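Participant: Here is what each chain is made of, one letter per residue.
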Amino acid sequence: MTVAIDLPRARLPGAGSAGRFLANYLPATLLLVALVGFWEAWVQVRNTPSYVLPAPSLVWEAFLRTRGTLPGHTLTTLNESLLGLGIGALAGVALASLMTSVAIVRRVLYPLMIVSQTIPMIVLAPLLTIWFGFGIEPKVVVVLLVTFFPVLVSTTEALLGADRNLIALLQSMGATRLQTLRYVLLPSALPGFFAGLRIAAAYAVTGAVIAELMGAQSGLGLYITRSNSAFRTDQVFVGIVLVALLSLALFAAVHIINRLATPWAFAGKGDNS
Amino acid sequence: MEPAIEVENLAHAYPGKPPVQAVMDVNMVAAEGEFVSLVGSSGCGKSTLLKVLAGLIRPTSGHASVDGQDATQSIGVAAYMPQGGVLLPWLRALANATLGATIAGVGRKEATSHARELFERFGLGGFESAWPSELSGGMQQRVALLRTFLTPRSTILLDEPFGALDAITRREMHAWLQDVWANERRTVLFVTHDVEEALTLSDRVYVMSKRPGTLVAEFRSPFPRPRGREIQTSPEFATLKGQLLDALEAASS
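Taken in order, these protein sequences are the chains called S and R. First residue of the first sequence? That's 1 in our numbering, and the numbers climb one at a time after it. First residue of the second sequence? That's 1 in our numbering, and the numbers climb one at a time after it.
Warning: the hint list may mix true and false statements.
[Unchecked claim] A partial selection of chain S residues facing chain R, derived with a Cβ cut-off under 10 Å:
#1 I119
#2 G174
#3 T176
Quick caveat, the hints were computed from the structure, so don't treat them as lab data. Note that the structure is predicted; figures quoted are calculated from it, not measured. Even glycine gets a Cβ: it sits at the ideal position worked out from N, Cα and C.
Just need the whole structure built from these sequences, with the hints factored in.
Facilitator: Encoded structure:
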């Protein structure tokens, strides 16, 4: 799943932040509204049975009906996603630093890392449930496994791609290794790290939900499986929408942190909020 | 007295197939407090020589020393401004200007207050907290020059520091540089391909041949300082400039 949030670039002359916000998100919102309207009309006109495709109005009703249990499920999934993403990101950065500083580690580990990504999660998740039980642990492990890789790859590339001229400049000043790390390597790896983290954030929630499908005590995945086996397709859609919203929220959060952590990368692009 | 910069029989070839001989048989000196320029066409090896003195390149053979220290063994002896300036994109202008001083161990407060004073002088007033990407090419170059001068070293190596500046700003920087140099008397090795700039600023000017670069001529610029328009438009200056251009053309063909 790919989520693209195009951040404000072009500024309307004289428009305030509200105007800018509208100009940036209005087209996407209009399209969404139009699609939902078309969907509603299609279902009403064709009289599609609700277990095949429920109308958006029915999905809304299902949301209202089950809203008591939803916060719990959503929180569980959010917890698993955040924990997995956090550990995954840390592991990705740690491995990237190790692999860029010691060549032999890179040669030994990189193939292994790639192999780890070829195992379908849908196959691995039941195994993890057998190993770690029905609690939060196997879900965190799945999220970790899907999120560490994008972080690892893009952080590694960013570290290897650090500007040689900058490193040479610091050397010419007589900088220590630690100073070179602080002034050149770390900051130049940040944009790459965040690019990987954005992709990881988009995968994290999906990873948690897939793990939950294999057996859980709580979570949006559990909500979806239960609804599915009860032929409550309207509730399945509620689950889908919540998963999407959660992914979007995580993605947006990473983007905001990215902006705060690398302000220079956003300088002079017309938006300084 | 030992010269501040001393280069003997220096040669350097960049590895490759075949290796690229950048400089060969380079012999030069700069006395302490002397302003020496190196002129030559693009790609003649001027920058290579500077990098050797900055300790960034270990030469294939020969000897180079800066302030009594072997430049082929040590790094960070001289303050070095690479071509194009080179700023850290993630540091604001002021932090970039104080970077060399900070790394050399100067207190942050002291370095910052010193830099603030010079920002106005450099035509950078008001841009202290701008990111490098928000500065024009000329401003970036001036921040880099400032950084080099704020680095507490007695020898300064400048690689085409005014390349990106317009003629007017360049003249202002020439006046500033002469002024600072007259006050501080640090040793400067200045790389340029602008003959007039070299004659205006320097005590002596070396001419480098095309690759493999070697020093083929040496000129003394005898004019009284500070050197402004009157000097630059004088017949004596024009004559010397003509001779230097002749030497440069002969060395570059």
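Participant: Hint by hint, note whether the structure agrees.
Facilitator: To see whether the hints hold, each was checked on the structure:
1. I119: Result: violated, 38 Å to nearest chain R Cβ.
2. G174: Status holds, d = 2 Å.
3. T176: holds (9 Å)
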